[in-house]
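Protein chains: 2
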Amino acid sequence: MKLICQTSELKDAIMNTQRAVAVRSTMQILDGLLIEANQDILLTGYDMEMGITCRIPAEIIEPGKIVITAKMLSDIARKLPGETVSIEVDDQLKVKIVSGKSEFQIKGREADTFPVLPEVAKENELTMSQATLKNMIRQTIFAVSTDEQRHNLNGALLKCAGNLIEMVAIDGFRLALRREESPVELPNLEFIIHGKALRELMNILLDDKAAITLYTTMNHIKFHFGNVTMVSRLIQGEFMNYDSLLPSSSQTQIVINTLKLQRAIERSMLLIESDNLRYPVNFKNEDNVLVVHETTNVGILHEEIEIDISGDNFDIDFNPSYFIDALRAVDDEMISINFNGQVGPCVVNPIEGDKFAYLIMPLRR
Amino acid sequence: MKLICQTSELKDAIMNTQRAVAVRSTMQILDGLLIEANQDILLTGYDMEMGITCRIPAEIIEPGKIVITAKMLSDIARKLPGETVSIEVDDQLKVKIVSGKSEFQIKGREADTFPVLPEVAKENELTMSQATLKNMIRQTIFAVSTDEQRHNLNGALLKCAGNLIEMVAIDGFRLALRREESPVELPNLEFIIHGKALRELMNILLDDKAAITLYTTMNHIKFHFGNVTMVSRLIQGEFMNYDSLLPSSSQTQIVINTLKLQRAIERSMLLIESDNLRYPVNFKNEDNVLVVHETTNVGILHEEIEIDISGDNFDIDFNPSYFIDALRAVDDEMISINFNGQVGPCVVNPIEGDKFAYLIMPLRR
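Line order of the protein sequences matches chains B and Y. The first sequence runs contiguously to residue 365 in the working numbering. The second sequence runs contiguously to residue 1365 in the working numbering.
Wrong hints could be hidden among the right ones.
Said to hold, decoys possible - For lysine-lysine, the following PhoX-like pairs were computed, each having C-alpha atoms within a straight-line distance of at most 20 angstroms:
1. B/Lys2 with B/Lys101
2. Y/Lys1159 with B/Lys284
3. Y/Lys1079 with Y/Lys1122
4. Y/Lys1094 with Y/Lys1071
5. Y/Lys1284 with B/Lys101
6. Y/Lys1107 with Y/Lys1159
Read the hints as simulated data drawn from the structure, not as lab findings.
Input sequences plus hints: build the corresponding full structure.
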């Protein structure tokens, strides 16, 4: 194998594909990146659950393929001095990397033992902008359960039908729902994507209108955008019936500044010294004021934030970190919070429309 | 005690004084900051080796003093919502911190048990710009020994006489010397300042011409600049006689681009997998080229950098991290390196003048 390509393009491709490289695996080959040189270069990282490939242009002098330890390759690529880089592999799998007046020689590994990514047929196609999908992930991912006992909640549900796309995550204590309207009629689809795949995808996606296309089969999903492709195993099983969880009415509704409430809860958390101790943050109203109150072994915080209120008075305790995750995900300046007494679910909504809904269960006293 | 001050000024004062707060001490009071309110506010952090005080203006409604856990105070100050903050302490040492519509109540501690900083008489005075001292520290601090067995090398020597100031650090394998000329006649002084004190000072000092004044007694040094004062115990004992270490001539002299050499050594270090294994980097010349070579269990790096050379050919091994520390401290685009064979000391100098000298011992084969 021998090729010449742009150093910066190689660097970006390594950064993207490295996200799918296995960190600790019994299959040692999986800590490497597969480089395949044909018309161009295809880099692949794959941990048997999720695979990422990235294609970049190159001058191919001799086609071939090789596996190189991802960390070593990435460290070297980041520090290469020249604008272009030449990679040459000999029969003994010795890899020569030359850039400027710098020449590395490292050992490569047999590419034939690198596992092949699953094929995903071009069916069940769905296209949207990268920015939209990135936002939908960002605004729900925190509520994906990390409890391995609840396997089918370890991902987010992506559901589309008519002209609506929904992404939903539930961890048993809270729910995050994000809704987008589509200008075109969508296929009827419903599948659960692993939290890890969504997180890595969120980190690669651009904040712009460039398109991303999804294809799904029974077992896998494939994301294709720019020069990147990601394939991930889908989570099998039923997702929780979340429609029934969201209350249709509320006993109290308030409208409040998102950032003011977020900052107040952040301050209340300063008084919680250890993650093990769970001190609730208390919300109650005094006329048109929300009183945020926290008492721990360290001290007391008392805050007041102006609100518009309709409905009953309230006096409710929450896990502050659950509440703050939802508030940090919201981009709206003002939000509506709907309380249902001391034990009923609390729901954070936009003031207009139904783009998002965050359900948080109060803590019992 | 009751006072009102600017939140941002309090925040900065906490950040500065917190650097002297003891992290793990048998004296529990030392994890706190002393706040004293009289005409203004004086904050003090002190770990019994080094003390930092910072003075800020305030409206003092009731004078007094209190000790508050530094971490808690700093966390709270950074998140206060208002432009001003009021701090009020009652008879039970309960501290009320109010800013905007946010009110914290935390427990304070008796100020009387906080140890008093040592007095440093205004003798042996030396004044320079903050930027100059900051640079002198930055360009020598890496060579301060961390070997506690070599107590008098755990700091840098500051020496002045005539119109010369020198700062020198030695760790047994290398030496860093930094020289500054003064426009005025200086007192004859020589003392060893703790590495930790220098490091914290470097982080607080500004990159500008604002003045810093030093006073020393037998046992202590006091730095006074802006609204900050730092007091540190001096290291007692003899410093190594470094003049005799620096060779007066050299067998080979090369002139090389600092950054090109730095980057080449950084690349060579990519092949060193573990800090425990010490693979030397090899320098040798081929006509007007420096060949940088590294061979480890992982691979080989070969680089070529153009040089001007006079004197003998050379072929020498170095600890790459020792060499790189010196190169990273140099601001000059081009440097002169003076070799003295495979075992003699190597010295990095400016091309003109004698502002700095970095001596690095080669590794024996």
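Hints and how they fare:
no. : hint                     : verdict
1   : B/Lys2 with B/Lys101     : 18 angstroms, holds
2   : Y/Lys1159 with B/Lys284  : 65 angstroms, violated
3   : Y/Lys1079 with Y/Lys1122 : 39 angstroms, violated
4   : Y/Lys1094 with Y/Lys1071 : 17 angstroms, holds
5   : Y/Lys1284 with B/Lys101  : 15 angstroms, holds
6   : Y/Lys1107 with Y/Lys1159 : 46 angstroms, violated
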